[in-house]
Every structure is written in structure tokens, then in C-alpha cells.
Amino acid sequence: MNKQYNKESLGSKIDHGMKQFIKKKPKSICQTPGCSNPCAGRKNVYCAECIKYPLLVQNTYIPPVTVNQLPPSLPVPVNQTPLPTVNQTSLSPPGTATQAAVTVKLTTNSPPKLTKIFSTLAIIKTKMTLLTANDSEYINIQQFFRTGLPHNTILGIFKLNMPIHLGIAHKNYRASHFCMKSLRAFHGTKSKCSPKRFISNPKAKFCKSGCGVCGIAQNGNKKKFSGDKKLWFSDNSSISLGYCNGFGGAGEKAMFVIDLITNMSDPIFTLGSEAATLPKYLIIFQ
Numbered sequence: 066m067n068k069q070y071n072k073e074s075l076g077s078k079i080d081h082g083m084k085q086f087i088k089k090k091p092k093s094i095c096q097t098p099g100c101s102n103p104c105a106g107r108k109n110v111y112c113a114e115c116i117k118y119p120l121l122v123q124n125t126y127i128p129p130v131t132v133n134q135l136p137p138s139l140p141v142p143v144n145q146t147p148l149p150t151v152n153q154t155s156l157s158p159p160g161t162a163t164q165a166a167v168t169v170k171l172t173t174n175s176p177p178k179l180t181k182i183f184s185t186l187a188i189i190k191t192k193m194t195l196l197t198a199n200d201s202e203y204i205n206i207q208q209f210f211r212t213g214l215p216h217n218t219i220l221g222i223f224k225l226n227m228p229i230h231l232g233i234a235h236k237n238y239r240a241s242h243f244c245m246k247s248l249r250a251f252h253g254t255k256s257k258c259s260p261k262r263f264i265s266n267p268k269a270k271f272c273k274s275g276c277g278v279c280g281i282a283q284n285g286n287k288k289k290f291s292g293d294k295k296l297w298f299s300d301n302s303s304i305s306l307g308y309c310n311g312f313g314g315a316g317e318k319a320m321f322v323i324d325l326i327t328n329m330s331d332p333i334f335t336l337g338s339e340a341a342t343l344p345k346y347l348i349i350f351q
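Numbering (this note's numbering), first residue to last: 66 to 351.
Derived by calculation from the structure, the hints in this document are not laboratory data. Virtual Cβ for every residue (Gly too), placed ideally from N, Cα, C. Careful: at least some of the hints might be erroneous.
Said to hold, decoys possible - With a Cα cut of at most 25 Å, we get these calculated BS3-like pairs of lysine-lysine: (1) K273 x K287; (2) K295 x K345; (3) K345 x K257; (4) K255 x K273; (5) K255 x K289; (6) K345 x K294; (7) K273 x K288; (8) K257 x K246; (9) K190 x K289; (10) K190 x K236; (11) K268 x K257; (12) K268 x K190; (13) K255 x K268; (14) K255 x K192; (15) K268 x K192; (16) K190 x K255; (17) K192 x K273; (18) K273 x K261; (19) K273 x K246; (20) K224 x K288; (21) K294 x K268; (22) K289 x K236.
Claimed, not checked - Listed next, with one range per pair, are the computed distances between beta-carbon atoms: (23) P332 x G292: 18 to 26 Å; (24) N310 x K273: 13 to 21 Å; (25) T194 x S338: 35 to 43 Å; (26) F290 x Q208: 28 to 36 Å; (27) N199 x S330: 14 to 22 Å.
Just need the whole structure built from these sequences, with the hints factored in.
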């Protein structure tokens, strides 16, 4: 009996001691931050859940450990110009199906009416332009005139733009007689009116009394006014002077400078074609 009692008492003491030992050493808590679960075992430091899902526990991410990594260098500042801001206008919301459809009518504008612009070259009447003394054309004609009449006084030199039909006829004649040469010559004529009046008024009206100056200035050289039905010219102003008359007491005279197309080389040229001639300048002198 004593032995049996001793065995039971010894067993109860051992069992009681073990319980006291267990109470003194409770299970450790999981080491995962934010986790309070007990460890899976005495030799474990994490609970069973953290061991199974180590990267997803408590929504925490454990970054990988890097070895011998230098800290990232700071970006180099660059002088950047700020971009311009644009005032944006909010777009209106799209229309709904209940909106009425808009019908756009395309209108075509009628073409503008064309206005006829006549060229300045289409001259119906002769245009006379008084040249100034420093004009290059004035100087050339003056030198040409003074080769034969160095002592006469030039009162004025006019540049003549003849009617377009005379210019076309002369151009066509030159094209059909390309083997001939072009030159300039003088043509003296008589006047029944004062040629000096054109200097004060270049737009003065031409007379209608059979005046040679007004007739040639308007219509060019005409064979019907020549006794032998030929046109006479000279390359020397002194020769043409004999065909000029003096108007009035001051002795105002007029002489034309004519463009010619001819093969003649003499000082005096006689031509049978009116288209071979074209008046270019009118010299008023005394």
C-alpha cells in the first residue's frame, strides 16, 4: 500500500511540476510585424500563416536585399523654359437624340465680273512726252542733232509713242526684212502752227490745216504728201534743215528722228514703204 501510494503521489507531483513548467514558459508570438499569432512550434519564430504566405501577410512587402549598390545619383538640373499654358475651353456635352437636326444649305457665290483692262501699249492717239535735259534719251538725241547743227538752240525734245497699229506694222516689216539694217535718220518738215506750244502744253490739240508737223506726229510718214511718192530722210541734221520752215518771227522749226529699216548707206535715204519708218522723237529748235 505504501509503495502504491508513493507511486501515485510521485506521479501526481511530476504531473503538477510539468504543468507549473508549462505555465511558466508560454508559446512565443510570431515575429512578423503586426502579427500576434503564436508561433507554429517551439523552434519556430513565425506562425503557420506567415510561414505559408511570407510576402502577403499584413499586406507588407519585404524589399530584396541589394549588395554593394551605390545610392542613385541626383538628376542634373537643366535650364528648362516653362511651357506656355493654354487656356482650354471646356467642350460642350454632345447633343442628345432629342435635339433637332440642323440642315445646312450650301450657297455658291457667283463669279466676279471680269473687268477689261486695256494695256497702256494699246495707244490709239500719239502720246508726246517732253524729256528733261538730264534724261539719257534727251542727251543721246541732242548729241545726234548737234553733229550737223552744233549752233542751233534746242527748245525741247519730245518722245513719241505712236498709235499701236503703226508700231505693229513697223515690227512686222522688220520681221519680214530681217536681212536689212535698222538705223535712225532725220526728217525735216514744214509747220503751219507753232510747234513751240507743245512745250508748254504737251497735250495741245493738233491742227488740221495740212501741217506737216501735226500730220507726221499723228499718223507717221505718208507717201501721198510727197511729190514723187517716196519718203526722204537723212542721217545728218544739216541736210534735213533745208526742208524745215521757220514759223513766226522767232523762226521756230521742227525736225523728226525716225527709225528706218533699209539697206541704203548713203547720207540720204529714199524709201517706198511707210511701214519701214516709225517716228520716235520730235525736236523743236531755232
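Here is what the structure says about each hint:
no., hint, in the structure
1, K273 x K287, "holds (15 Å)"
2, K295 x K345, "holds (19 Å)"
3, K345 x K257, "holds (21 Å)"
4, K255 x K273, "holds (14 Å)"
5, K255 x K289, "holds (15 Å)"
6, K345 x K294, "holds (22 Å)"
7, K273 x K288, "holds (18 Å)"
8, K257 x K246, "violated (34 Å)"
9, K190 x K289, "holds (21 Å)"
10, K190 x K236, "holds (18 Å)"
11, K268 x K257, "holds (18 Å)"
12, K268 x K190, "holds (11 Å)"
13, K255 x K268, "holds (20 Å)"
14, K255 x K192, "holds (21 Å)"
15, K268 x K192, "holds (8 Å)"
16, K190 x K255, "holds (21 Å)"
17, K192 x K273, "holds (17 Å)"
18, K273 x K261, "holds (17 Å)"
19, K273 x K246, "violated (35 Å)"
20, K224 x K288, "holds (23 Å)"
21, K294 x K268, "violated (31 Å)"
22, K289 x K236, "holds (22 Å)"
23, P332 x G292: 18 to 26 Å, "holds (20 Å)"
24, N310 x K273: 13 to 21 Å, "holds (18 Å)"
25, T194 x S338: 35 to 43 Å, "violated (27 Å)"
26, F290 x Q208: 28 to 36 Å, "holds (30 Å)"
27, N199 x S330: 14 to 22 Å, "violated (34 Å)"
When each numbered hint is compared with the structure, violations occur for hints 8, 19, 21, 25 and 27.
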